[in-house]
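S.K.: Chains as they are written, first to last, in this note's numbering: chain S, 32 to 134; chain F, 12 to 567.
Calculated directly from the structure, the hints in this document are not laboratory data. Just so you know, even glycine gets a beta-carbon here, dropped at the ideal spot from N, CA and C. Any given hint might turn out to be false.
As the list claims (entries may be wrong) - Here are the computed lysine-lysine pairs in the BS3-like style, where the Cα-Cα straight-line distance is at most 30 angstroms: (1) K291(F) - K123(S); (2) K123(S) - K259(F); (3) K110(F) - K123(S); (4) K123(S) - K178(F); (5) K123(S) - K202(F); (6) K91(F) - K83(S); (7) K118(F) - K48(F); (8) K83(S) - K202(F); (9) K489(F) - K83(S); (10) K202(F) - K110(F); (11) K202(F) - K77(F).
Stated by the list, open to error - Covered stretches of chain S, as calculated for chain F (at least 3 residues, CB under 8 angstroms): (12) 38-48; (13) 63-76; (14) 98-106.
Stated by the list, open to error - Label-pair ranges, simulated between beta-carbon atoms: (15) E41(F) - E71(S): 54 to 62 angstroms; (16) D95(S) - D32(F): 29 to 37 angstroms; (17) R102(S) - A433(F): 16 to 24 angstroms; (18) A553(F) - Q72(S): 52 to 60 angstroms; (19) Q72(S) - G551(F): 58 to 66 angstroms; (20) R78(S) - T221(F): 17 to 25 angstroms; (21) D57(S) - S534(F): 23 to 31 angstroms; (22) V63(S) - E41(F): 18 to 26 angstroms; (23) E301(F) - P119(S): 34 to 42 angstroms; (24) D32(F) - V63(S): 37 to 45 angstroms; (25) D57(S) - R321(F): 38 to 46 angstroms; (26) R78(S) - A433(F): 17 to 25 angstroms; (27) A433(F) - D95(S): 18 to 26 angstroms.
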Amino acid sequence: MKLLAANRLIDGIAVWLGPDGNWVEDIQHADVVRDAAGEEQLLATAREAFSKNVIVDPELIEVDFIDSEIRPRRLRERIRAAGPSIHPNLGKQAARQAVVQLI
Amino acid sequence: MYRYDEFDYAVVKGRVDQFRDQVARRLSGELTEDQFKPLRLMNGVYLQLHSYMLRIAIPYGTLSSKQLRMLAEIAREYDKGYGHFTTRQNLQFHWPALKDIPDILEKLASVEMHCIQTSGNCIRNVTADHFAGAAADEVADPRPYAEILRQWSSLHPEFSYLPRKFKIAVTGAERDRAAVQVHDIGLHLKKDDGGNLGFTVYVGGGLGRTPFIGKKIRDFLPEQDLLAYVTAILRVYNLEGRRDNKYKARIKILVHETGTEQLTAMVEREFEHLKESELKLPESDIRAIEAYFRPPVLPARPEGDAITARAIAEDAGFAAWARRNLHTHRHSDYASVTISLKGIGEVPGDMSAEQMDVVADLADEFAFSEIRVSHEQNLILPHVARTDLKKVYDRLRDAGLATANAGLISDMIACPGLDYCALANARSIPVAQGIAQRFAEQAIQEDIGDLKIKISGCINACGHHHVGHIGILGVEKKGEELYQISLGGSGDENAALGDIIGRGFGPDEIVDAVDAIVKTYLSHRHDQEESFLSAYQRLGPAPFKEALYGSDAKVA
């Protein structure tokens, strides 16, 4: 299974390609594909977003579903999806914690 | 310290305006990413895992209180409230938005700072001894020469597109605290028998994928020949350096493949043409730049010894800090203070905006508004009267900045590693934190004594692992982090590359492995006077291998 990771041009923030061509800041909302046709569709959308100066450095990454959650295979991508492992108050994990605290 | 003249201001302002226009054109789509990337890199803007990263030059690690306050302001206003001091005496912000970077550069320019040549295949920020201008053992202040090199190399048209990046370090004391022998050019300032100043010149040092200790190509280069000789080296490199393979493009590979003797001959030949050219430094120019670095007038404060002695007797925390974090000043009433950015369990080199403000205030009140950044990722107040040490310590302690560990096992260099860096293969910071926590107790650290651990999260070696007494290199193996250990490296005047000791250790094993190495040292050392490095040089790797891998381990 794969999804598409990139950085947003204007601020560099890590984003993932979600449904309907939207770029989402939470990897759990990313669009996961299971075959070559799906991958090509993600890449085509990314190419268009790149040419329209929305994102940079698009890259397909491998993921698994574990306990109904998307989990990138490589540690690099897991850290990117969460934020620095040494700073739980920074990066995506911080936003998620804030949501949990609000609930 | 050096102050910008009209020309400097105009150049930096011009560059800010130019980059503002380039960012606007990139965001509007007028520039493509391929066109923009080299432009942003020329302004210190990288794209990392979570966001952009901005690297700010701190020439030869010298900062004013005003500049540090501005870094704090930028950290608060445009980043996430902190900055990271690097092994090249620079500062990095890890979270700036591209759209804000022109405004950040404008703020930096207002305090005579910029990000020019902090990336790209050019001559990078020139680094120097962090105790420059203050150390008792100094022959002369290396910073005037670093400043001359900075002015000469800034936007130098001939050397803006070198085969690869190029790093120069200068030190001015017998004891090399600037690791000059692991730089592309290392300059060791000396006096000849006639009392004239000049440099021992090393070329082709470097770490990374293919580490080399620099080769000495000149015993003594008179100071007036500095630019002619460095130009000669750069010219040979620019013409002969490899451009076919980025991994073989540094000057160290050219030196290795050409041979030191032949390369020296090529440099000397080039130098002959340049020696009497406009590159010859007039005495008056050298002394004019030197005047910018004239040390502050240091009034006699002889009461300091008694006051400090009393404080040492009354406060064990201060006593430990005074033992470890003070460096001998050339004026006996003063000391240079190391502000450790290695609090136990903290991120090496990180500093909050609030801490920056505290240090800026202390510099203004007690240290002639001067601050230094060391390549070991600490800050220095170079000139503090011994009378004021306790007051400075108390304020640092209240700000969480008085860890008494300078030069001890927990005073580690660690690159940002996989927690931030797009190039990294493994995390560095959690390893540093784990080791610091294991050896947190002051008495244990002081018993172990001087020990430099240096950690890199990839083969590029930003954490200088090759020259760590204990070096740790993070790699990725089968999708997991793995840490290779090397022993016996050194970045000082007796520079040496460490020996890889054997197979690597997982993230859950690496702290235990370091513990085993330290215990082996403690059990084998003659006495406390024999440092880890000396003991390793005497013993060799065998007992350490045995401690790590058992008695069946193949002994080198």
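S.K.: Against this structure, judge whether each hint is valid.
M.R.: Status of each hint after checking the structure:
1. Between K291(F) and K123(S) the CA atoms are separated by roughly 55 angstroms; this puts the pair beyond 30 angstroms, and the hint is violated.
2. Proposed proximity of K123(S) and K259(F) is contradicted: the alpha carbons are some 38 angstroms apart, above 30 angstroms.
3. With a C-alpha separation of about 20 angstroms, the suggested pairing of K110(F) with K123(S) holds against the 30 angstroms cut-off.
4. Taking the CA atoms of K123(S) and K178(F), the gap is about 36 angstroms. The hint is violated against a cut of 30 angstroms.
5. Under the criterion of a C-alpha separation no larger than 30 angstroms, the hint pairing K123(S) with K202(F) is inconsistent with the structure, at around 56 angstroms.
6. Among the hinted pairs, K91(F) with K83(S) is consistent with the structure: their alpha-carbon atoms are about 29 angstroms apart, no more than 30 angstroms.
7. For the given pair, K118(F) sits about 23 angstroms from K48(F) by alpha-carbon distance, which is consistent with the 30 angstroms threshold.
8. Proposed proximity of K83(S) and K202(F) is contradicted: the alpha carbons are some 60 angstroms apart, above 30 angstroms.
9. Restraint check for K489(F) and K83(S): the C-alpha separation of about 37 angstroms exceeds 30 angstroms, so the hint is violated.
10. The hinted pair formed by K202(F) and K110(F) fails the criterion: a straight-line CA distance of about 50 angstroms is larger than 30 angstroms.
11. Taking the CA atoms of K202(F) and K77(F), the gap is near 35 angstroms; set against the 30 angstroms cutoff, the hint is violated.
12. Against chain F, the stretch 38-48 of chain S contributes 7 residues with a C-beta closer than 8 angstroms to a partner C-beta. That satisfies the three-residue criterion, and the hint holds.
13. For a cut-off of 8 angstroms, the count of residues in the stretch 63-76 of chain S with a CB near a CB of chain F stands at 0, and the three-residue condition is violated.
14. With 3 residues carrying a beta carbon less than 8 angstroms from a beta carbon of chain F, the stretch 98-106 of chain S meets the three-residue requirement, and the given coverage holds.
15. At roughly 30 angstroms, the beta carbons of E41(F) and E71(S) sit outside the given window of 54 to 62 angstroms.
16. As the Cβ distance of D95(S) to D32(F) is approximately 45 angstroms, the hint placing it in 29 to 37 angstroms is violated.
17. Hint check: R102(S) to A433(F), Cβ distance near 20 angstroms, so the stated range 16 to 24 angstroms holds.
18. Here the CB-CB span from A553(F) to Q72(S) is close to 59 angstroms, well matched to the stated 52 to 60 angstroms.
19. Look at Q72(S) against G551(F): about 59 angstroms separates their beta carbons, and that is inside 58 to 66 angstroms.
20. Distance hint for R78(S) and T221(F): a CB-CB separation of about 37 angstroms, inconsistent with the stated range 17 to 25 angstroms.
21. D57(S) and S534(F) have their C-beta atoms about 52 angstroms apart, which leaves the hinted 23 to 31 angstroms range violated.
22. Between V63(S) and E41(F) the Cβ separation comes to about 35 angstroms, which falls outside the hinted range of 18 to 26 angstroms.
23. The beta-carbon spacing between E301(F) and P119(S), approximately 49 angstroms, falls outside the hinted interval of 34 to 42 angstroms.
24. Separation of D32(F) from V63(S) is about 40 angstroms and conforms to the stated range, judged on CB atoms against 37 to 45 angstroms.
25. Judged by the Cβ atoms, the range 38 to 46 angstroms given for D57(S) and R321(F) is violated: they are separated by roughly 58 angstroms.
26. Range check, R78(S) to A433(F): Cβ separation about 21 angstroms, and the 17 to 25 angstroms hint holds.
27. Taken as a hint, the range 18 to 26 angstroms holds for the pair A433(F) and D95(S), whose Cβ atoms sit roughly 23 angstroms apart.
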